Amino acid sequence: MYIYSGASQPEESSHVDDQEKYEQFMARIEAGEKIEADDWMPDDYRQALIKLISMHGISEIMGALPEKEWVPKAPTLKRKLGIMAKVQDEMGHGQLLLRVAEDLMRPYGKTRGDLMDDLLSGDLKFHNVFHMPTKTWADAGMVGWLVDGAAIISQTNMLDASYGPYQRALQRICQEEVFHAQHGEAIIMALAEGTEHQRQILQESLNRWWSALLMFFGPKSADTTGSSKQDIMIKYRIRKSSNEELRQAFLDKYLPRVFSLGLTVPDETAHYDEEKGEWVYQQPDWNEFKQIIKNKGPRSKERLRLREVAYENNRWVRQALTSEAVGS
Amino acid sequence: MMPVETAEEAKKDATYLKALKDLIYQCADDDFIISFRGSEWLGLAPHIEEDVAFSSITQNTMGHAVMFYSLLEELGEGKADALAHERQPDERRNAVYLEKKNGEGSYLGEPYYDWALTVVRNFLYETFKKVKLKAITNSSYQPLANVAEKVLMEQPYHLSHWRIWVEQLLASTEDARSRLEERLEEAWYAFGDVLELGQYATEMEHFQLMIGEDELKELWLEEVKTTIKDLPNGTPKKQLGSGREGEHTADFDQALEVLSEVYVSDENAIW
Ligand SMILES: [Fe+2]
Ligand SMILES: [Fe+2]
Chain E
1 MYIYSGASQP EESSHVDDQE KYEQFMARIE AGEKIEADDW MPDDYRQALI KLISMHGISE
61 IMGALPEKEW VPKAPTLKRK LGIMAKVQDE MGHGQLLLRV AEDLMRPYGK TRGDLMDDLL
121 SGDLKFHNVF HMPTKTWADA GMVGWLVDGA AIISQTNMLD ASYGPYQRAL QRICQEEVFH
181 AQHGEAIIMA LAEGTEHQRQ ILQESLNRWW SALLMFFGPK SADTTGSSKQ DIMIKYRIRK
241 SSNEELRQAF LDKYLPRVFS LGLTVPDETA HYDEEKGEWV YQQPDWNEFK QIIKNKGPRS
301 KERLRLREVA YENNRWVRQA LTSEAVGS
Chain B
329 MMPVETAEEA KKDATYLKAL KDLIYQCADD DFIISFRGSE WLGLAPHIEE DVAFSSITQN
389 TMGHAVMFYS LLEELGEGKA DALAHERQPD ERRNAVYLEK KNGEGSYLGE PYYDWALTVV
449 RNFLYETFKK VKLKAITNSS YQPLANVAEK VLMEQPYHLS HWRIWVEQLL ASTEDARSRL
509 EERLEEAWYA FGDVLELGQY ATEMEHFQLM IGEDELKELW LEEVKTTIKD LPNGTPKKQL
569 GSGREGEHTA DFDQALEVLS EVYVSDENAI W
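Protein chains in written order, with my numbering: chain E, 1 to 328; chain B, 329 to 599.
Quick caveat, the hints were computed from the structure, so don't treat them as lab data.
Please read all numbers here as calculations on a predicted model, not as lab measurements.
Don't be surprised by glycine CBs; every beta carbon is placed ideally from N, CA and C.
You may find that some hints are simply not true.
Each computed EDC-like pair below joins lysine to aspartate or glutamate, with the alpha-carbon atoms no more than 16 Å apart [stated by the list, open to error]:
#: 1; chain 1: B; residue 1: Lys429; chain 2: B; residue 2: Asp581
#: 2; chain 1: E; residue 1: Lys301; chain 2: B; residue 2: Glu438
#: 3; chain 1: E; residue 1: Lys78; chain 2: B; residue 2: Glu401
#: 4; chain 1: E; residue 1: Lys78; chain 2: B; residue 2: Asp409
#: 5; chain 1: E; residue 1: Lys240; chain 2: E; residue 2: Asp160
Some chain E residues judged to face chain B by a derived CB distance under 10 Å, without partners named [to be verified]:
#: 6; residue: Glu69
#: 7; residue: Ala74
#: 8; residue: Lys80
#: 9; residue: Gln88
#: 10; residue: Trp137
#: 11; residue: Leu191
#: 12; residue: Gly194
#: 13; residue: Gln198
#: 14; residue: Leu263
#: 15; residue: Leu304
#: 16; residue: Arg305
#: 17; residue: Arg307
#: 18; residue: Arg315
With the rest of the complex left out, here is chain E (with noise of 0.2 Å):
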């Protein structure tokens, strides 16, 4: 999942259309039905799912960008197999997630072109993860390891999610997402047990990366960025656990293995609390974040205008391929 709790506040449905359907779609989906394209659907439950998906959708898309840097250099045959497979998975991802928020901005006229206007414009975020700079190799396993591990933990928080085409995207996203973490984890592993060289550039990335782990998440309650989605979220049966519950697993699965591994986390204090049963952990600076996500991140403007380039570069190739045939 590629979407934060708290980042904007989602627009209210004015009223509730009909007191009759609203009551029949909450029973079906605390049945566990799920909700169709073409159902009725509530006016916030829509709003919700097409920001929510919209953004996941073109996360994956950004999330490419980071780490296709490192594509073309990758050190070996496999490895180069390996990361063009995974990049390709991604863009994959993008495309499954923008049919299913196409479907649901239907209504309101709106298309995949908007959305890209809307990520030019800044008006559609993307995750914070892929604002940020890649400047090894090490960092292309990171990728893999860490962001798609905890990608991996968003999204199987909604692999039973109420909206039907949603979940059923999930199901695929989500297998795909194990060989990814696979493939980080070998780069990690081969650089863990490299050279001294290897083993340097695999700890500054981590040190690089953790603040930006912290943040996937997103932050603990609507207190710290000013609102909260989450639970919208949860109400309408899209997600089933708080940002820091996911949060608090993520650390669980992958710090153990950090540790293993001879790795440190640039946070003195991170430690698992016995009595309470949880990681305790210095905050990440959640103003940055806000920043961060409003395309003020590290690579934000570089990233949105490699898209820029693409997009009006490849015009000429869009117009061709709306235009009627001119025989040949």
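Fit chain B with the ligands to the known structure of chain E by using the hints.
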């Protein structure tokens, strides 16, 4: 000529071995460099569906390069990874036309890549690859013939992907058509060395490793004509040089620098 079943057998005849290795280097290096150029496009294609399809082709093509490098490894040329990452430009046998940059700028910033070049280049190359590999399925070197069979199981999809692009763009706007035609003109000045078999062409034919150059060219042109009716006159020249002879351009230096950047950053590393 009797089929040669193994690398050990091939090594018994020095002339045979030389011609064989040169042919495999051409196949491996062509696929390697065109796949590299494809990988620079990742995330920048005209639309998302194309990004997914193109990167799948790029990935398969890199897989083909790996199969060819592995054949060379069996023939005692060294590790496949070293062959891909360490060889100097004058040792590389890929055609010069295939190493040409995708356009101005870099894949890391301000990539003014030209889709018309990519469509024309890939269509012409995949057509050539199909003809060449078909001929190689009858090669006297069995391990190579087997790889050709395997590659031909997925390569037709690549060719048809680019053929559809050529057809669609030629039949669309004036702008698209003239962009494509310009790149075709250019190809007619530079595609020539793709169609060559290098200094051992005669031996390749003699040992039944491969058909002759003239036949290869003819078959290629015939096949291209089934898709594009109005081709430039004559057959392509090789004004950028001949990669089959180890000649390469500054564009190739850029490619090598990028693709081996991490590989050379730590000589003792296992990645
Ligand atoms: Fe993904
Ligand atoms: Fe992934």
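Structure-based check of all given hints:
1. Proposed proximity of Lys429(B) and Asp581(B) is supported: the alpha carbons are some 11 Å apart, at most 16 Å.
2. The suggested pairing of Lys301(E) with Glu438(B) holds, with an alpha-carbon distance near 12 Å, which does not exceed 16 Å.
3. Of the supplied pair hints, the one linking Lys78(E) and Glu401(B) holds, its CA atoms being roughly 15 Å apart against a limit of 16 Å.
4. A C-alpha spacing of about 9 Å is found between Lys78(E) and Asp409(B), which places the hinted pair at or below 16 Å, so the restraint holds.
5. In summary, the hint linking Lys240(E) to Asp160(E) is supported, as the alpha carbons are separated by about 9 Å, within the 16 Å threshold.
6. Because the closest C-beta pair between Glu69(E) and chain B is about 6 Å apart, less than 10 Å, the hint holds.
7. Annotation: Ala74(E) was flagged as interfacial toward chain B, and the flag holds, the nearest CB pair being 7 Å apart, inside 10 Å.
8. With a cut of 10 Å, the hint placing Lys80(E) at the interface with chain B holds, because the nearest CB-to-CB distance is about 6 Å.
9. Here the hint on Gln88(E) is kept, as its CB sits about 4 Å from the closest CB of chain B, short of 10 Å.
10. Restraint check, Trp137(E) versus chain B: the minimum CB separation of about 5 Å is within 10 Å; hint holds.
11. Residue-level restraint check for Leu191(E) holds (minimum Cβ-Cβ distance to chain B is 8 Å; threshold 10 Å).
12. A distance limit of 10 Å between C-beta atoms decides the matter here; for Gly194(E) the minimum to chain B is near 5 Å, and the interface restraint holds.
13. Given hint, Gln198(E) at the interface with chain B, holds; its Cβ is 5 Å from that chain's nearest Cβ, closer than 10 Å.
14. At its closest, the beta carbon of Leu263(E) sits 18 Å from a beta carbon of chain B; the interface hint therefore is violated under the 10 Å criterion.
15. Residue-level restraint check for Leu304(E) is violated (minimum Cβ-Cβ distance to chain B is 12 Å; threshold 10 Å).
16. Restraint check, Arg305(E) versus chain B: the minimum CB separation of about 7 Å is within 10 Å; hint holds.
17. A hinted interface residue such as Arg307(E) counts as satisfied when its beta carbon comes closer than 10 Å to some beta carbon of chain B; here the least separation is about 8 Å, so the hint holds.
18. For the restraint placing Arg315(E) at the interface with chain B, the shortest Cβ-Cβ distance is roughly 9 Å, inside the 10 Å limit, so the hint holds.
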